[in-house]
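Participant: Sequence:
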Amino acid sequence: MTIIKTEDYTGYSESSIDDAITDALEKAGKHRRVEVIETRSSQQGENQCQYQVTLTTQDD
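Take 31 as the starting number for the sequence shown in this note's numbering and just add one per residue.
Simulated from the structure, these hints should not be mistaken for laboratory data. Fair warning: there could be bad hints in the mix.
To be verified - The following label-pair restraints were derived from C-beta to C-beta distances: (1) Asp89 - Thr52: 14 to 22 Å; (2) Asp49 - Glu76: 17 to 25 Å; (3) Thr69 - Ile34: 41 to 49 Å; (4) Arg62 - Thr84: 28 to 36 Å; (5) Gln74 - Ile34: 21 to 29 Å; (6) Met31 - Arg63: 14 to 22 Å; (7) Thr36 - Cys79: 13 to 21 Å; (8) Thr32 - Gly75: 20 to 28 Å; (9) Asn77 - Glu37: 15 to 23 Å.
From the three backbone atoms N, C-alpha and C, an ideal C-beta is built for every residue, glycine too.
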């Protein structure tokens, strides 16, 4: 029986979704498999946005 370890990481950015993904990947480190499970954004002012990405990692 194989046991798979999973863990979730969330990244944030005020620039872009891509930067939020990069932030989450830097927090996660290296893993065999990574899946983006959620993306969000919110507008906090006329020209201010907050981007958030949650990803899950999976390792044997």
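Participant: Which numbered hints turn out to be false for this structure?
Facilitator: 3, 4, 5, 7, 8, 9
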